[in-house]
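A.B. asks: Sequence:
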Amino acid sequence: MKNTILFLLICISGIMHSQTVVKGTVKDTDGQSLDAVTVTLLRDNKQVASAFSDLGNFSVRYPEAGSYRVTATLSGYQPLEMTVQLPQENLVLTLKKSEHLIQEVTVTRKKPLIERKIDRVSFNVENSIIASGGSAWEALTKAPGVQVSSNNAVSANRKNVRIYMDGKPLQLSGDDLAAYLQGMPSDQVAQIEIFSNPPARFDAEGASVINIITKKAKKQGFNVSLNGGVTQGTYTGYTGNTTFNYRKNRWNLYGNYGFTHRKTIQDHNTFINYGSSLWAGNNRSGSNSDTHAYRVGVDYQVSDHQVLGFLMTGSNRKSRSEGHTITRITSPAMKLDSLLNTDNYGSTFGNQYAYNLNYNLKLDSSRSSLNIDLDYSPFRNANRSFTDNISLLPDGSQASDFFHIYTPSSQDISIVSGKADYNFKVGKNLEVSSGIKYSSTRSINIFNYFNRDGSVLTAVEENRNHFTYRENVASAYASVSGSLGSWTFQGGLRGEYTRTSGYQQTLNLLNERNYFKLFPTVFLQYKPNGRHEFQLNYAYRIQRPEYNRLNPAKRFSSPYSVYVGNPALQPAFVRSVEAGYTYKQKYNLTAYYTSTRDVFTNIDVQDNETKRYYGTQANLGLSTMAGLRLSAQVKPASWWEVNIIADGYRQREKSAYLSGSYDYHMISFSGSVNQSFSLDKASGLKAEINGTYNSAGIQGVYRARANSFIDLGVKMNVLKKAGTLSLSVTDVFNKNNNQVSINFQDQQSRFFYQRESRFVTLSLLYRLGKNVAASRSRTTASDEERKRAQ
Numbered sequence: 001m002k003n004t005i006l007f008l009l010i011c012i013s014g015i016m017h018s019q020t021v022v023k024g025t026v027k028d029t030d031g032q033s034l035d036a037v038t039v040t041l042l043r044d045n046k047q048v049a050s051a052f053s054d055l056g057n058f059s060v061r062y063p064e065a066g067s068y069r070v071t072a073t074l075s076g077y078q079p080l081e082m083t084v085q086l087p088q089e090n091l092v093l094t095l096k097k098s099e100h101l102i103q104e105v106t107v108t109r110k111k112p113l114i115e116r117k118i119d120r121v122s123f124n125v126e127n128s129i130i131a132s133g134g135s136a137w138e139a140l141t142k143a144p145g146v147q148v149s150s151n152n153a154v155s156a157n158r159k160n161v162r163i164y165m166d167g168k169p170l171q172l173s174g175d176d177l178a179a180y181l182q183g184m185p186s187d188q189v190a191q192i193e194i195f196s197n198p199p200a201r202f203d204a205e206g207a208s209v210i211n212i213i214t215k216k217a218k219k220q221g222f223n224v225s226l227n228g229g230v231t232q233g234t235y236t237g238y239t240g241n242t243t244f245n246y247r248k249n250r251w252n253l254y255g256n257y258g259f260t261h262r263k264t265i266q267d268h269n270t271f272i273n274y275g276s277s278l279w280a281g282n283n284r285s286g287s288n289s290d291t292h293a294y295r296v297g298v299d300y301q302v303s304d305h306q307v308l309g310f311l312m313t314g315s316n317r318k319s320r321s322e323g324h325t326i327t328r329i330t331s332p333a334m335k336l337d338s339l340l341n342t343d344n345y346g347s348t349f350g351n352q353y354a355y356n357l358n359y360n361l362k363l364d365s366s367r368s369s370l371n372i373d374l375d376y377s378p379f380r381n382a383n384r385s386f387t388d389n390i391s392l393l394p395d396g397s398q399a400s401d402f403f404h405i406y407t408p409s410s411q412d413i414s415i416v417s418g419k420a421d422y423n424f425k426v427g428k429n430l431e432v433s434s435g436i437k438y439s440s441t442r443s444i445n446i447f448n449y450f451n452r453d454g455s456v457l458t459a460v461e462e463n464r465n466h467f468t469y470r471e472n473v474a475s476a477y478a479s480v481s482g483s484l485g486s487w488t489f490q491g492g493l494r495g496e497y498t499r500t501s502g503y504q505q506t507l508n509l510l511n512e513r514n515y516f517k518l519f520p521t522v523f524l525q526y527k528p529n530g531r532h533e534f535q536l537n538y539a540y541r542i543q544r545p546e547y548n549r550l551n552p553a554k555r556f557s558s559p560y561s562v563y564v565g566n567p568a569l570q571p572a573f574v575r576s577v578e579a580g581y582t583y584k585q586k587y588n589l590t591a592y593y594t595s596t597r598d599v600f601t602n603i604d605v606q607d608n609e610t611k612r613y614y615g616t617q618a619n620l621g622l623s624t625m626a627g628l629r630l631s632a633q634v635k636p637a638s639w640w641e642v643n644i645i646a647d648g649y650r651q652r653e654k655s656a657y658l659s660g661s662y663d664y665h666m667i668s669f670s671g672s673v674n675q676s677f678s679l680d681k682a683s684g685l686k687a688e689i690n691g692t693y694n695s696a697g698i699q700g701v702y703r704a705r706a707n708s709f710i711d712l713g714v715k716m717n718v719l720k721k722a723g724t725l726s727l728s729v730t731d732v733f734n735k736n737n738n739q740v741s742i743n744f745q746d747q748q749s750r751f752f753y754q755r756e757s758r759f760v761t762l763s764l765l766y767r768l769g770k771n772v773a774a775s776r777s778r779t780t781a782s783d784e785e786r787k788r789a790q
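Residue 1 is where the sequence shown starts when you use this note's numbering, and the numbers rise one by one after that.
Bear in mind the hints are in silico, worked out from the structure with no lab data behind them.
Computed from a predicted structure; not experimentally measured.
Keep in mind that the hints are not guaranteed to be accurate.
Using C-beta positions, here's what the derived DEER-type ranges look like [what the hints assert, rightly or not]:
#	residue 1	residue 2	range
1	36	251	15 to 23 Å
2	575	605	39 to 47 Å
3	605	485	56 to 64 Å
4	414	480	41 to 49 Å
5	167	660	40 to 48 Å
6	622	510	28 to 36 Å
7	61	36	17 to 25 Å
Ideal placement from N, C-alpha and C gives every residue a C-beta, glycine not left out.
Put together the whole structure using the sequences plus the hints.
C.D. replies: In structure tokens:
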């Protein structure tokens, strides 16, 4: 046995030393590294080995020491031939540009603007007249099925989304997300992928996914873009952003930094019918926020098949808010009973960080690969809130005691996670993927309640709360994808074991839950020819509640209105199926059905005896949606492009609720038309008109009225095409608002909510550098957990 082992070791050693590797670099006469150079090693006029340079580096194996002939060729350069004596530590080859260049002829296949793949829809930004030449934010808003509300909240096909960049989530939302992406030129974006039903490699938690893919140029160089803008609404806001990439030999450094200042107002009006009295409240509040967001990463090419990377993202936000509410309390005959004056003001400080260590290994000539991610993500938010309320009689005298409270709170979240993914190919048309992941989350929430009398604070222990939530998820998945003739298929199965515990220290209450679930996904695509495509997909997923929905702390907006989270909230489970037909990659008709059980949402309960309004979170019953979605790309003229999306659907909301039940049905419609006009090619002058309409809809016992809005924009190239100047007006007619009503049993209330959405924005984007070297794509281990911390 020992002799056998010794023999094998000798053989292995002989094999390893029977060939030696020579490494080197290829440059031009200016010292710039050259990519895709063919380097050939010859001996006795016979080819020994050949390789291509990658980022200017190459490696070639040779059998033994001695004299060899080396040739290097690249289109546009003079061939190089030289004799070398091997071994050598580093072989440097220098190519001269050819003095007699023939006119280059390039044959390429232009990708369609929108591609429908088996598990996603890909929007090729590079081929979009609408999206190119602006910012990544503009490109995102033009992607098919993507909707952006007046407060810059993004959704896809009316589903909440997680937004990634190169497989890495952007931990920003709303105005901060818009400011971040507005600082990145759309010229750096190659594709935007929309996963309506994400496949098994994604965590089972969540709805749809949007992944922004940047260009992957391999050229050496330095690239910087600078962006600044001024936004005018009721107040003036401004933003600044810089993005950079630097690649040198085996190193790649990339990142961005952005700062956003916003000051906005919002109106929130309420009407509550308590039977014996009517309460009408008018609230106007203002928010003043400053946000710093940054992302810095470095990749090192350890070898031709190994990459080691580190990535850090962060966001620091500071905001101040003030609000004033006047509530008129009248009899059913509209006789004034009393007035409530309520003032709310406070400040919030939030820090969010994420650290990722990544290792990627390609094996067997790239037929298989291994990817490992380790993540640590700490978050901290602190809030100081003050509420003052006084009740006055019609003659102006005080009707009740003053209500002055101070409620400081903090939330500390820590997420530790790791994952490993392994992919390999079987034959020419089959690919197998598998992976494991483990994540551990701890959320500590402290809420204190004080009565205020001048500068004297008196703690109210029964309103104090200390809540700790822990969640551990272990998961594994496997998927198979391939093609057979005109058919393409992909199937996957993901299993997740979840353990959660929520402990209310103040009340000594513990809620625990352990469960294991399997989540299958199936995708089928049939393409009989290049004009017709048929798609069918199915997914089963889970929606876990965000951590702030679970926090049971009481938050008073007045003595008569309080919000309390629900630590016993359960996850919801979603089944979704889609069947679609696509013609010429320009026209698509999709039929879809989505069913959500144990859907969780906020609910409002009015107590007609105490005249108190109580908000909380609860699991309801069934929510379904079935509809038809049509999308079309029309080009009436070479300078005019139109994108149309129309969606008609039937909603059903059914659940036991309070002491009764409901079963509501409604047919709704949403649509958008985006028109782009290319007015002058020389200056890049373009204009855009976007219109969106959403009809009335339902969610549980809530009924929402229709809303609509129109946006306008114009942009052009300046500074010798190194810059882009843009002017836009959002919600031109100031119609983007939400009006909701409840009419269930003895509960009757209406709400009007409008966040400031009409803005005029002037921005300038300036690009420095010639070579764009984008960071590589990867998905970290804590993506889904960090999103729920928002």
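A.B. asks: Measuring from beta carbon to beta carbon, are residue 36 and residue 251 in 15 to 23 Å?
C.D. replies: 20 Å, holds
A.B. asks: Between residue 622 and residue 510, is the Cβ distance one that fits in 28 to 36 Å?
C.D. replies: Since residue 622 and residue 510 have Cβ atoms about 30 Å apart, the given range 28 to 36 Å holds.
A.B. asks: Taking the beta carbons of residue 414 and residue 480, is their distance inside 41 to 49 Å?
C.D. replies: Violated: the Cβ-Cβ distance is about 36 Å, outside 41 to 49 Å.
A.B. asks: Between residue 61 and residue 36, does the beta-carbon spacing fit 17 to 25 Å?
C.D. replies: For residue 61 and residue 36 the Cβ distance comes to about 20 Å; the hint holds.
A.B. asks: In this structure, is the beta-carbon distance linking residue 605 and residue 485 contained in 56 to 64 Å?
C.D. replies: The hint (56 to 64 Å, Cβ to Cβ) holds, given that residue 605 and residue 485 are roughly 58 Å apart.
A.B. asks: Just tell me: holds or violated, for the beta carbon distance of residue 575 and residue 605 against 39 to 47 Å?
C.D. replies: 29 Å, violated
A.B. asks: Taking the CB of residue 167 and the CB of residue 660, does the distance hold inside 40 to 48 Å?
C.D. replies: 47 Å, holds
This entry does not satisfy hints 2, 4, going by the numbered hints stated previously.
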